[in-house]
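Residue numbers (the working numbering), protein chains in the order written: chain R, 1 to 122; chain U, 1001 to 1107.
Honestly, the hints are just simulated from the structure, not real lab data. Quick reminder that beta carbons are idealized off the backbone N, C-alpha and C, glycines included. Heads up, some of the hints might be wrong.
What the hints assert, rightly or not - FRET-style restraints, in silico, Cβ to Cβ:
| id | chain 1 | residue 1 | chain 2 | residue 2 | range |
| --- | --- | --- | --- | --- | --- |
| 1 | U | Thr1050 | R | Gly56 | 32 to 38 Å |
| 2 | R | Ser31 | U | Pro1040 | 31 to 37 Å |
| 3 | U | Thr1010 | R | Gly10 | 18 to 24 Å |
| 4 | R | Pro14 | U | Gly1057 | 41 to 47 Å |
| 5 | R | Gly103 | U | Lys1031 | 15 to 21 Å |
What follows is each chain in one-letter form.
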Amino acid sequence: EVQLLESGGGLVQPGGSLRLSCAASGFTFSSYAVSWVRQAPGKGLEWVSGISADGGTTYYADSVRGRFTISRDNSKDALFLQMNSLRVEDTAVYFCAKAKQDGYNYEPFDSWGQGTLVTVSS
Amino acid sequence: DIQMTQSPSTLSASVGDRVTITCRASQGISKWLAWYQQKPGKPPKLLIYTASSLESGVPSRFSGSGSGTEFTLTISSLQPDDSATYYCQQFNRYPLTFGGGTKLEIK
């Protein structure tokens, strides 16, 4: 069974930093692209960042480019999101999500974690 | 960026009704569209991919159609468990983008 478990969320002040992690199991992590998707309280889904299976290609939404960095450790089946210069508008539940088909970067997400809440507030 | 526009934003229907949700892309995305269902406090669930392919385990009352810029999600006979918010998403080009969502309520 595919499982994705996010951690690292919490309360942080504006301008602060946070590092999210996503532990993957139940599939060959190193074969799949993965992404972070967020959802502000009561709002819709917003794709944040994605990374190819081998980690060599990364993608970012304009809203986070230059502030967030996505990375992965295929030896540990783990995905990360380093978030710097956090803003109030970054407050959201952050989900990690797995691409449906291995080897492709342009895929829908067939598995999601339960999410971790990031609150940016003074 | 490709903008995804869903309509309606809210929808109320009765059990047994046929329900259709529309998603429009600001530019052509061929068939590279997915539909998700999300219930409160839960992550999204993939229903349809490549515009019309039914994800494994999803009831056959769900179907998708369209290509280019116009897409629809249809529920052929609405069930109480279908109360949720539905999102479309394009995966033709980065940044990946979602529609604003359609909240479906059961009368």
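Discussion item. Holds or violated: the 41 to 47 Å window for the beta-carbon distance between R/Pro14 and U/Gly1057?
Written reply: 42 Å Cβ-Cβ, so the 41 to 47 Å window holds.
Worksheet item: Is 18 to 24 Å a correct range for the gap between the Cβ atoms of U/Thr1010 and R/Gly10?
Response: Since U/Thr1010 and R/Gly10 have Cβ atoms about 33 Å apart, the given range 18 to 24 Å is violated.
Worksheet item: Is the distance from the Cβ of U/Thr1050 to the Cβ of R/Gly56 consistent with 32 to 38 Å?
Response: violated (25 Å)
Item to complete: Can you let me know if the beta-carbon spacing of R/Ser31 and U/Pro1040 is within 31 to 37 Å?
Response: holds (33 Å)
Fill in: Assessment of proposed distance window 15 to 21 Å (beta carbons of R/Gly103, U/Lys1031)
Roughly 19 Å apart at Cβ, these two residues keep to the hinted range, so it holds.
The structure does not agree with the numbered hints 1, 3 stated previously, though it agrees with the rest.
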